[in-house]
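Going line by line, the protein sequences match chains F and A.
First residue of the first sequence: 1, per this note's numbering; consecutive thereafter.
First residue of the second sequence: 1, per this note's numbering; consecutive thereafter.
In case anyone wonders, no lab produced these hints; they're calculated from the structure.
Please note that a few of the clues may not be correct.
Said to hold, decoys possible - Cut-off 20 Å, straight-line C-alpha distance, at most; resulting in silico cross-link-like pairs (SDA-like, lysine to any residue): (1) Lys112(A) <-> Glu41(F); (2) Lys19(F) <-> Ile228(F); (3) Lys112(A) <-> Ala34(F); (4) Lys209(F) <-> Gly30(F); (5) Lys19(F) <-> Leu3(F); (6) Lys112(A) <-> Ser30(A); (7) Lys209(F) <-> Ser231(F); (8) Lys112(A) <-> Gly165(F); (9) Lys112(A) <-> Ala194(F); (10) Lys19(F) <-> Gly145(F); (11) Lys112(A) <-> Tyr242(F); (12) Lys112(A) <-> Lys209(F).
As the structure is a computational prediction, the values presented were derived from the model and not from experiment.
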Amino acid sequence: MLLKRIIPCLDTARGRVVKGTHFQQLRDQGDPVALARLYSEDGADEITFLDIDATPEGRATLVELVERTAHEVFIPLTVGGGIHDVDEIRTLLRAGADKVSIQTAAVQRPELITEGARAFGSQCIVVAIDAKRVSKEGWMVFTHGGRTPAGVDAVGWAIEAQRRGAGEILLTSIDADGTRAGYDLDLTRAVVDAVQIPVIASGGAGHPKDLVAVLTQGGADAALAASIFHSGAFPIPETKRYLAGQGIPVRL
Amino acid sequence: MIALIDYGAGNLRSVQNALGRLDASCTIASSPDDVAHAQAIIFPGVGAAAPAMAALRDRGLDLAVTAAIRNGVPFLGICLGMQLLFEWSAEDGAACLGVLPGTVERLPTQEKLPHVGWNTLDRVRPHRVLEGMEGEAFYFVHSYVVVPRFPAVAAGETTHGVPFVSAVTRQALLGVQFHPERSGTAGLRLLENFLRFADAEAAA
Numbered sequence: 001m002l003l004k005r006i007i008p009c010l011d012t013a014r015g016r017v018v019k020g021t022h023f024q025q026l027r028d029q030g031d032p033v034a035l036a037r038l039y040s041e042d043g044a045d046e047i048t049f050l051d052i053d054a055t056p057e058g059r060a061t062l063v064e065l066v067e068r069t070a071h072e073v074f075i076p077l078t079v080g081g082g083i084h085d086v087d088e089i090r091t092l093l094r095a096g097a098d099k100v101s102i103q104t105a106a107v108q109r110p111e112l113i114t115e116g117a118r119a120f121g122s123q124c125i126v127v128a129i130d131a132k133r134v135s136k137e138g139w140m141v142f143t144h145g146g147r148t149p150a151g152v153d154a155v156g157w158a159i160e161a162q163r164r165g166a167g168e169i170l171l172t173s174i175d176a177d178g179t180r181a182g183y184d185l186d187l188t189r190a191v192v193d194a195v196q197i198p199v200i201a202s203g204g205a206g207h208p209k210d211l212v213a214v215l216t217q218g219g220a221d222a223a224l225a226a227s228i229f230h231s232g233a234f235p236i237p238e239t240k241r242y243l244a245g246q247g248i249p250v251r252l
Numbered sequence: 001m002i003a004l005i006d007y008g009a010g011n012l013r014s015v016q017n018a019l020g021r022l023d024a025s026c027t028i029a030s031s032p033d034d035v036a037h038a039q040a041i042i043f044p045g046v047g048a049a050a051p052a053m054a055a056l057r058d059r060g061l062d063l064a065v066t067a068a069i070r071n072g073v074p075f076l077g078i079c080l081g082m083q084l085l086f087e088w089s090a091e092d093g094a095a096c097l098g099v100l101p102g103t104v105e106r107l108p109t110q111e112k113l114p115h116v117g118w119n120t121l122d123r124v125r126p127h128r129v130l131e132g133m134e135g136e137a138f139y140f141v142h143s144y145v146v147v148p149r150f151p152a153v154a155a156g157e158t159t160h161g162v163p164f165v166s167a168v169t170r171q172a173l174l175g176v177q178f179h180p181e182r183s184g185t186a187g188l189r190l191l192e193n194f195l196r197f198a199d200a201e202a203a204a
């Protein structure tokens with residue numbers, strides 16, 4: 001049966017990891033390639049790089065980083081952050097990314113999803129949605145790192161992204177992100193029930209039990225997390241064993 | 001020397017990187033001549049059947065690949081590279097290479113499609129390349145599956161709502177629906193098995 005995926009996310013800028021990591025076995029804590037390789041050997045199911053430096057120099061460094069990673073890491077690699085046209089998608093896929101994650105640019109110009117899916121296949125187009133609760137039943141989409149309201153309903157936007165050719169949805173709860181108090185289960189469930197494509201839940205993981213909740217109650221196909229892995233508090237092998245013990249089908 | 005078939009449909013680079021990790025050198029084969037000299041062939045693929053078949057025909061690679069398989073050259077088809085070995089694909093109604101009897105159909109499942117992620121290879125039939133692979137998880141990305149006319153070709157099965165054939169073998173030919181080049185250590189092990197198998201066949 002199809003297994004639930006655990007995906008560590010690395011925030012990068014200028015070819016370096018920008019959020020602190022704590023791994024005694026790594027000499028260079030800031031090298032994304034070494035960290036991606038470690039996570040891969042630990043049993044991560046995919047790796048996501050989120051580049052927070054969208055300047056032209058930062059872009060060139062990112063492409064080089066993806067190339068280096070592709071030589072050493074043999075699990076799927078998703079790359080996101082500031083991608084706004086098909087040429088950039090092509091460059092990153094050629095460098096060795098398996099998928100790209102597009103967010104703000106897709107909201108501003110939804111045709112980008114269709115263009116990317118037509119050119120390279122839906123399987124490599126991930127639409128990232130940052131959503132914030134605005135009422136009892138509703139979540140709205142925010143862009144530019146969660147600062148700008150897009151004036152679009154999050155569930156509706158997920159449906160449109162699917163219709164336009166997205167292969168997966170990477171769904172981040174702005175409310176839960178950084179709290180380590182658990183994923184937004186209601187938001188995740190609402191999007192999972194609205195689309196037929198896989199949903200990757202993100203934002204709020206503080207303990208492996210949060211991953212269990214979002215993969216069962218939330219119905220997510222995959223759970224993305226950063227700090228619980230980077231801090232060393234819950235290494236991936238222990239996390240996956242915990243999930244397996246809770247009856248979640250994972251790759252061990 | 002291993003030839004990686006280049007017909008513009010591909011994740012050639014990922015396969016090349018994985019072979020590099022295994023210290024295997026390969027050549028990129030984009031002409032019939034390149035294919036004719038190969039000791040072993042890897043036929044990768046991502047994308048849709050019809051444009052891939054058109055690209056193969058444009059380069060004369062369709063006949064070259066078929067001839068190599070008939071000559072018993074060790075051959076590994078990956079994902080679309082396995083599907084194209086069959087006669088016909090329901091994906092755009094494309095006529096394929098017809099090396100193996102059977103068709104390619106949309107997976108008749110109630111589960112989500114595309115089938116994306118890690119899933120296990122079950123009910124493995126003995127084959128040197130698939131040794132030790134029973135129950136291992138591999139990375140899949142696809143909506144269509146092969147339906148061999150003769151069950152004897154099926155060498156492994158995977159379940160996504162319904163069971164489907166995820167590996168095929170016939171003599172020196174092997175095809176897998178998943179991506180060994182993206183499947184971590186299990187995938188690298190499978191590729192290594194294939195390299196050993198190709199060496200053994202060349203020595204025989």
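Taking the hints in turn, this is what the structure says about them:
1. Lys112(A) <-> Glu41(F): Outside the cut-off at roughly 28 Å; violated.
2. Lys19(F) <-> Ile228(F): 12 Å, holds
3. Lys112(A) <-> Ala34(F): Answer violated: Lys112(A) to Ala34(F) is near 34 Å, above 20 Å.
4. Lys209(F) <-> Gly30(F): 28 Å, violated
5. Lys19(F) <-> Leu3(F): With Cα atoms ~29 Å apart, Lys19(F) and Leu3(F) exceed 20 Å; violated.
6. Lys112(A) <-> Ser30(A): 35 Å, violated
7. Lys209(F) <-> Ser231(F): Holds, at roughly 17 Å.
8. Lys112(A) <-> Gly165(F): 15 Å, holds
9. Lys112(A) <-> Ala194(F): With a Cα-Cα distance of about 12 Å, the restraint between Lys112(A) and Ala194(F) holds, given a limit of 20 Å.
10. Lys19(F) <-> Gly145(F): 16 Å, holds
11. Lys112(A) <-> Tyr242(F): 26 Å, violated
12. Lys112(A) <-> Lys209(F): Cα-Cα ~25 Å, so violated.
When the structure is compared with the earlier hints, violations turn up for hints 1, 3, 4, 5, 6, 11 and 12 and for no others.
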